[in-house]
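Residues per chain, in single letters:
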Amino acid sequence: MERACYPRGVDPGPDDERALALRAQRGDRDAFAALYRRHAPRLYARILVPRLGDRSAAEDALAETFRKALEQLPGWRPHPEGLGPWLTRIAIREAANVHRARTRTGRSLARFDALLGPLREEGDGPGAALDRRQREAWLEARREAVMAALSPRYRRALTLRLLEERSRAECAELLELRVGTFDVLLLRAVRGFRREWEAMEASPLPGTPSRTSTMDVESTEEGA
Amino acid sequence: MSDDGTAGADEAQGPAPSAAEEAEAAAFAAALEGRGDAPEDAAAAAALLRYSRDAGALDDASAARVLQAVLGDAPASDPVAGERPWWARPWTFLLPAGVGLAVAGAALVLTLRPGVPGGDLPLPDVALLRAQARAAEGAGSGELDEALTTYRGALHRRLGERYAP
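Chains A and B are the protein sequences, given in the same order.
The numbering of the first sequence is the numbering used here, which starts it at 85 and goes up by one.
The numbering of the second sequence is the numbering used here, which starts it at 36 and goes up by one.
Worth flagging that the hints you see were computed from the coordinates, not collected in a lab.
One thing to keep in mind: the hints can contain errors.
Derived, one-sided and incomplete: chain A residues facing chain B with beta-carbon distance under 7 Å [to be verified]:
| id | residue |
| --- | --- |
| 1 | Leu-146 |
| 2 | Ala-194 |
| 3 | Arg-227 |
| 4 | Arg-237 |
Selected chain B positions facing chain A (Cβ under 7 Å, derived; list incomplete) [to be verified]:
| id | residue |
| --- | --- |
| 5 | Pro-52 |
| 6 | Ala-54 |
| 7 | Ala-55 |
| 8 | Ala-78 |
| 9 | Arg-85 |
| 10 | Asp-94 |
| 11 | Val-101 |
| 12 | Val-105 |
| 13 | Leu-158 |
Ideal placement from N, C-alpha and C gives every residue a C-beta, glycine not left out.
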């Protein structure tokens, strides 16, 4: 039997995925690893991190997702859409399990998937078709638009602490504040960021025309 | 400025913080460093801001670590028996080797086990059997007695050899 090995980053087509899944069902670990490399980045970035708000927790949930997939794979039946929807359901359940467990231990996690707007992973919504670079581009554009609406001091606090990951002490020193004052400034800045993010009309997704674009106006005028 | 190092309206931008806001800010700062819970609205916004840097990309090292954890936890009994060439499958050699060992063990047992009790004792010879036949036909018991005496003598000698101290 031919044994295909897919190096990291090489995406097998749907037929290959079916073959990989069948091999993995028979216990072929190379095939399972290839399926993992194909689906893990998407599940992590689009399902687990937004639902858990914490990368470490998302990694644990990703591991648990694939453990369950490995256990349940013998019962999987080939599907035209491949393994994606099945793995997505497992990941969503796992994220809910993590939330329940964290709530019981008093260490809750802050999900932000509701803030992702068109990037929310809701089946075949418009954001689902975007690849990673398109999503990054959309997020960066939206973030910069929101940051531009904030005061320079808020913007600097957010940039130093959350984008550059500098320590509190360093941030406070750079802003010439005491650490406690910087904490208050950062909390206000984060809440301001959230308000602006939620208030801002959803930016158009890459490749889709804006409702207020010049082209749309011209088309409307022509139609009239 | 308060005693714990916070400041008033101008420095933190906006009105002077209340004690509750200062406590929230301290909790938020601690949560960002992995200690305790943060106010949920702020924690979610901070997570979103961090997420916006790379859209939640899974780096290679983390991906490899997770895969290792998944496959490392899997039972060792399920790997790939159907995918290995015949000469690499464990049962290809284990099964014949097991059968061979069983046959060898059985042969050893049969070879070394004690003989059937009495198997080496002398059997009645033809003369004794003929004397028995003739006695049964009414030819008298003299010949039979003589043959029996001879046979008993041989039997007792053999028994004496086996059980002699």
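In ascending order, which of the hints set out earlier in this document are inconsistent with the structure?
As far as the earlier hints go, 6, 7, 10, 13 are violated by this structure, in ascending order.
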